[in-house]
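Visitor: What follows is the residue order along each chain.
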Amino acid sequence: MKAAKKKADRIQSAGKVFIFPAFAPEHEEKQVFYLFSLRQVVEVLRAVKILPVPFSPCGTEGVAEWRGRVVPVLSLEKYLGINWSGEPKRVRSIALRSVGKSKKERIEDLYAIVNVGVKVEQLELPLECDAAETPEWITETSCLIGTYQMPNRLLLVVDIEKILFAQRGVAEW
Amino acid sequence: MTSSSISQFVLFETGGIQFGLDRRMIGCVGPKNYALRAVKIPDLRKRFGLPGDQLNLIDLSKAPVGRLASSPERDSEVILLNGNTGLALLADKIGKTLKVDTDHLYDLPPAFTGNARACFPKVLRMAGTMALIIDVKGLKFIRSMMHPSAAKYRKRGKSDGTRPHPDRLRQDALVVPLDGNRLEVAIIQRLSHVIGKQVDKVVSRAIADIRERQNINTKRHQCEYSPSRIERDAKKDNGLKRMARG
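One line per chain: the protein sequences are A and B, in this order. Residue numbers 1 to 173, in the working numbering, belong to the letters of the first sequence in order. Residue numbers 1 to 246, in the working numbering, belong to the letters of the second sequence in order.
Just chain A, with the same shape it has in the complex (with noise of 0.2 angstroms):
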């Protein structure tokens, strides 16, 4: 009784998204999200004490304690080489999870904390949008899956597998 309970919570939850606002410009009067699912979604954060390495690959702020892990802090924007000049008013924090093969070969959770806008929303699959171009100004994209627009909104999503997993080629120090 509770495997299919537990086995149906995880069917409704496979169902919801999060969108989350971007550090990034309107693009075509649309607001730019990234777009997560409820299971990459661990938990919203208050204000996370980061931890600066150097020479680390751009992208990576540093890293940070979240229960009881040493998970690195992540800037999507620079990720994705978006430059913005705009300051954000509030900003949140938010853990996320991966899962996905390691450099040994064995499947792994890893987590990261990624600062976002604070308006969050949750959205119920399947979503009504479609697909859309990216943007110029986004310049690396090879850590994007896909990029979708839906009335008001550019939804962005980002391979965090990828990025967790150091698989893409990144600017080095």
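Check the hints yourself; a few may be wrong.
Derived DSSO-like pairs (lysine-lysine); straight-line CA-CA distance at most 30 angstroms [to be verified]: (1) Lys236(B) with Lys49(A); (2) Lys101(A) with Lys78(A); (3) Lys140(B) with Lys78(A); (4) Lys49(A) with Lys137(B); (5) Lys99(B) with Lys49(A); (6) Lys62(B) with Lys99(B); (7) Lys140(B) with Lys93(B); (8) Lys101(A) with Lys30(A); (9) Lys162(A) with Lys137(B); (10) Lys93(B) with Lys137(B); (11) Lys78(A) with Lys62(B); (12) Lys96(B) with Lys78(A).
Keep in mind the hints are simulated off the structure, nothing from the lab.
On the provided structure of chain A, position chain B as indicated by the hints.
Guide: Chain B only, in chain A's frame:
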């Protein structure tokens, strides 16, 4: 199941970032503008690769993390690394020494690659403190962070080209803040090693140096090892040797 082992790490801060360095890697520490001096004992001189050698002084605050928290001409200290690394580190502030078991050391996440991973493979997380643990081998490859004026550590008394008097060559180890107590790192760490190897002559000379320096009008602080304890150990070793000779 892995067994944990205990290591000692010295914490220091530079550019607003906290680092940890294995205590065994530290030769000695001194103010940047002070001509660093070493005890005139042949074994120790070899160990530090001093004096007269030119070392590469690394300023981690200039590493590209998007900010420089301190001004270039700040009042810093220099951490001289042990062995033949030929490296020294600039530190804004030297903190405490922690005894850490491996359970408190975490791998740097896989998202960090390249030089970051080579230089800081582990992160120390303990009692609300986080610090990047430095791997000295990784640092050797970081050329761009070399301080423009490499630290130079010279003997004194050689300028006139004549053979200097041994007393003028004799130099003091620097007093450093470590564990909140002032320790003469060069003498204390090496003497404990030297005593273990039962080199009577070196110990006696070191004791004479310490006693002589206590008469000099410079700032000294209490050492963890007192001369009387060193004397006792030296006497004990002498006694054992005589017994062995029969």
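Visitor: With reference to the structure, classify each hint as holding or not holding.
Guide: Hint by hint, here is what the structure shows:
Among the hinted pairs, Lys236(B) with Lys49(A) is inconsistent with the structure: their alpha-carbon atoms are about 53 angstroms apart, more than 30 angstroms. At roughly 24 angstroms between alpha-carbon atoms, Lys101(A) and Lys78(A) fall within 30 angstroms of each other, so this suggested pair holds. At most 30 angstroms may separate the alpha-carbon atoms for a hinted pair to count; Lys140(B) and Lys78(A) meet this at roughly 28 angstroms. A hinted pair counts as satisfied when its Cα atoms are at most 30 angstroms apart, and Lys49(A) with Lys137(B) qualifies at roughly 28 angstroms.
For the given pair, Lys99(B) sits about 23 angstroms from Lys49(A) by alpha-carbon distance, which is consistent with the 30 angstroms threshold. With a C-alpha separation of about 29 angstroms, the suggested pairing of Lys62(B) with Lys99(B) holds against the 30 angstroms cut-off. Of the pairs offered as hints, the one joining Lys140(B) and Lys93(B) holds, with about 22 angstroms between alpha carbons and a cut-off of 30 angstroms not exceeded. For the hint linking Lys101(A) to Lys30(A), the alpha-carbon distance of about 35 angstroms lies beyond 30 angstroms, and the restraint is violated.
For the hint linking Lys162(A) to Lys137(B), the alpha-carbon distance of about 28 angstroms falls within 30 angstroms, and the restraint holds. With a C-alpha separation of about 23 angstroms, the suggested pairing of Lys93(B) with Lys137(B) holds against the 30 angstroms cut-off. For the hint pairing Lys78(A) with Lys62(B), the CA-to-CA distance comes to about 20 angstroms; that is within 30 angstroms, so the pair holds. Proposed proximity of Lys96(B) and Lys78(A) is contradicted: the alpha carbons are some 35 angstroms apart, above 30 angstroms.
Consistency note: the structure conflicts with the earlier hints numbered 1, 8 and 12.
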